[in-house]
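Asker: Sequence:
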Amino acid sequence: MQPRIDFYTASPEAFKAMLAFETAVSKLGLEKSLLELVKLRSSQINGCAFCIDMHTADARKDGETERRLYAVTAWREAPFFTPRERAALAWTEALTRLSDTHAPDADYELLNQHFTPKEMVDLTVAINAINGWNRLAVGFRKIPEA
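For the sequence shown, UniProt numbering assigns the number 1 to the initial residue and increments by one for each residue that follows.
Hints are supplied without guarantee of correctness; some may be wrong.
[Claimed, not checked] DSSO-like mimics (lysine-lysine), calculated; alpha carbons at most 27 angstroms apart, straight line:
id	residue 1	residue 2
1	Lys27	Lys16
2	Lys118	Lys27
3	Lys32	Lys16
4	Lys118	Lys16
5	Lys61	Lys16
6	Lys27	Lys61
7	Lys32	Lys118
8	Lys61	Lys32
[Said to hold, decoys possible] So the derived label-pair ranges between C-beta atoms look like this:
id	residue 1	residue 2	range
9	Glu13	Pro83	37 to 47 angstroms
10	Glu22	Arg86	23 to 33 angstroms
11	Lys118	Asp6	17 to 27 angstroms
12	Gly47	Phe80	40 to 50 angstroms
13	Glu31	Tyr108	28 to 38 angstroms
14	Ile143	Asp105	34 to 44 angstroms
15	Lys32	Ala78	14 to 24 angstroms
16	Glu77	Leu19	31 to 41 angstroms
17	Ile143	Arg84	25 to 35 angstroms
18	Pro3	Pro117	38 to 48 angstroms
19	Ile5	Arg84	33 to 43 angstroms
Quick caveat, the hints were computed from the structure, so don't treat them as lab data. A virtual CB, placed ideally from N, CA and C, is assigned to each residue, including glycine.
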């Protein structure tokens, strides 16, 4: 895979806007460990090698276990995730695959059982942010350093 353009430098204003969005998401109050799982799962679905590499490294730095990181792709079958994390991962998949899922009622109900209305909106905004980063990185072929 060959990188296309460096979106960091091609439009500094757009990059600053994305960074501001990411900074705002980090201050919404959701658990950092939960956000890293969401970022990882969305990046896996979108095939974003750069973001997968970044978020597994960030999660490890914050104390996430290798076992749970490996199991994110099969979170439904793995016993390592809390009900709250499962609800967040289901919502992440539903919104990342929105054209296929249309955000099913069952996933919404699960989310509603484990998150407050504010947290539901905050999580949805966080999912939007990582999907935006994935589209930049995949679209412009940002690759992780070897």
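Asker: Does each hint fit the structure? Answer for all of them.
Answerer: To see whether the hints hold, each was checked on the structure:
| no. | hint | result |
| --- | --- | --- |
| 1 | Lys27 x Lys16 | holds (17 angstroms) |
| 2 | Lys118 x Lys27 | holds (13 angstroms) |
| 3 | Lys32 x Lys16 | holds (22 angstroms) |
| 4 | Lys118 x Lys16 | holds (26 angstroms) |
| 5 | Lys61 x Lys16 | holds (25 angstroms) |
| 6 | Lys27 x Lys61 | holds (19 angstroms) |
| 7 | Lys32 x Lys118 | holds (16 angstroms) |
| 8 | Lys61 x Lys32 | holds (11 angstroms) |
| 9 | Glu13 x Pro83: 37 to 47 angstroms | holds (41 angstroms) |
| 10 | Glu22 x Arg86: 23 to 33 angstroms | holds (24 angstroms) |
| 11 | Lys118 x Asp6: 17 to 27 angstroms | violated (36 angstroms) |
| 12 | Gly47 x Phe80: 40 to 50 angstroms | violated (23 angstroms) |
| 13 | Glu31 x Tyr108: 28 to 38 angstroms | violated (20 angstroms) |
| 14 | Ile143 x Asp105: 34 to 44 angstroms | holds (38 angstroms) |
| 15 | Lys32 x Ala78: 14 to 24 angstroms | holds (20 angstroms) |
| 16 | Glu77 x Leu19: 31 to 41 angstroms | holds (36 angstroms) |
| 17 | Ile143 x Arg84: 25 to 35 angstroms | holds (33 angstroms) |
| 18 | Pro3 x Pro117: 38 to 48 angstroms | holds (41 angstroms) |
| 19 | Ile5 x Arg84: 33 to 43 angstroms | holds (39 angstroms) |
In the structure shown, a violation is registered for the earlier hints numbered 11, 12 and 13, in ascending order.
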